[in-house]
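**Student:** Sequence:
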Amino acid sequence: MPPVLAAMENAGIRIDPDQLHRLSHDFSMRMAEFEAEAQKLVGRPFNLGSPKQIGDILFGEMSLPGAKKTASGAWGTDASMLEELAAQGHALPRILLDWRQLSKLKGTYTDNLIQAVAPRTGRVHTSYALASTTTGRLSSNDPNLQNIPVRTEEGRKIRKAFVAEAGNVLISADYSQIELRLLAHIGDIPQLKQAFKEGLDIHAMTASEMFGVPVEGMPSDVRRRAKAINFGIIYGISAFGLANQLSIPREEAGAYINTYFERFPGIREYMDKTKALVREQGYVSTIFGRRVNIPDIRGLTPAHRQFAERAAINAPIQGAAADIIRRAMIRMPVALKDAGLSARMLLQVHDELVFEAPAAEAEAVCVLASRVMKHAAEPAVALTVPLEVEARAAANWDEAH
DNA sequence: TCGGCAAGCCAC
DNA sequence: AAACGTGGCTTGCCGA
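In this note's numbering, the protein residues as written are 1 to 401.
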C-alpha cells in the first residue's frame, strides 16, 4: 500500500474473536437441533435454507392457510408469514423462524466478522462510501458495520464482541430522534416542536394527541402504534404500508392516518408541497442545500409515481440528518485535538458516532462529542428544535449503545 | 465456475 | 402495485 494511503487508513475497531468463535459454535449446535426437529415434523430431510422447499412444504404438502405469492409467483415464506402461521399454533413455522434467526446471525455476522479481522492491525476496517446513496447518507461495506444486530438478545451477543483495547473504552454518541425533530422543524409543526423543547416522550405525545389517551399510564400497545405512525410519516406514509407494519386492516390504518393529519395539519401541507415541488423541478433539497434528484416524475405510472413521491417526502428529512452528522464528523477530530483528547472516531451509523478513548477520557469525550453533534447544524441553519445526543462509555459496543 | 436474480433479513 | 424511506449481504437457484 502506498504510504499516503497507509497514513489515511481508518482506525478500525477491535472485535474479540474468541467471543465470536464461541458464539458461532453455539449457533451451529442450536441450528442442528432445530434442523432435526423440523425434519422430524416433516418426516424427511429438507434444506431449511431454501424458501422454495419451505413454501412447497407449508402450502403444498401441509396446505396451511393464508398462502401468498411473491412477485415471481413463488410461495412467500418471509418472517411475517411464518409468524402468522406460528400464532395459529403450527409447530414448524416457529422452528423455521428460530433457525433462520441463528442462520442469519452466524452466516452474515459471526463467521464473517472473524474473517474480516485484518492480520496487520488485529481490527476490522470497514469501507465507507461517501456518495453511494441518493439522500446523502454514507454506506458501509466489506464488512457493513452499519447493520450490526441490536434488536434481539441473540443479536446483541454479536454487538458485545465489538470491544475497546485494554485500558480503553468505546463511546457511542447518538442523536435522539433526529429525523422526527427535523420533520418538526421543516414542516413547522407547533405541537411537535413544543414537545421536543419540553423533552417529552414524542411517541406517547403523538398517541395522546391522536387517541385522546393520557400519557400517564398509557398502554404500551397504544404507544407502539403511534411510534409506527411517526416512522411511517417520515417514510411518506401509505395506508397499505402502515397496515402491513402493524398487521391491521388497511381501512383502520387509513383512519389512523386521517386522524394524524387532522391533528398535525402542517405535515399534510409539507407532503403536498413537497410533491408539487418535485413535480415542478425534478428534485428536492435539504435545508442545507443538498439536492436529491427525482426526475421525470410526471412520466411514471401511478404506482411508480407514488413511490417517487414517498422518496421525495423522505429525502429532505433523511438527507438533512445526513448533512448534520457529516458536519459533526468534519469538526470532530479538530475538536478532540483542541481539547487535548486522544480519542479516535471509529464508526458512523447514520445517527451515531462511535469513538475509542483511554478510560480516563470517557467522560470528557462524551461531553465534547455531544456538544459538537448538538450544534453541528450551526451556523448554516438555525434549527427551531433542539437536537439531543445520548452518549455513553463502556467496554463493548452493546453496553455503550 | 461464474454472474445475476430472487427471497429474505440485518441496521437506521 | 417499486403496496412506508435509505442501504449491504447471504443463500439458493439457474443459465452461460
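There may be inaccurate statements among the hints.
[Unchecked claim] No farther apart than 30 Å at their CA atoms in a straight line, the calculated lysine-lysine pairs in the BS3-like style are these:
| # | residue 1 | residue 2 |
| --- | --- | --- |
| 1 | K227 | K68 |
| 2 | K337 | K273 |
| 3 | K160 | K374 |
[Claimed, not checked] Distance windows between CB atoms, simulated:
| # | residue 1 | residue 2 | range |
| --- | --- | --- | --- |
| 4 | K69 | Q306 | 14 to 24 Å |
| 5 | A382 | E262 | 49 to 59 Å |
| 6 | K69 | S342 | 30 to 40 Å |
| 7 | T70 | E378 | 44 to 54 Å |
| 8 | T70 | L277 | 49 to 59 Å |
| 9 | S63 | F240 | 41 to 51 Å |
| 10 | S176 | A303 | 27 to 37 Å |
| 11 | V334 | H304 | 12 to 22 Å |
Everything labelled a hint here was simulated from the structure, so no lab data went into it. Note that CB positions come from ideal geometry on N, CA and C, so glycine has one too.
**Student:** Could you tell me which of the hints above the structure violates, numbers in ascending order?
**Tutor:** 2, 5, 6, 8, 9, 11
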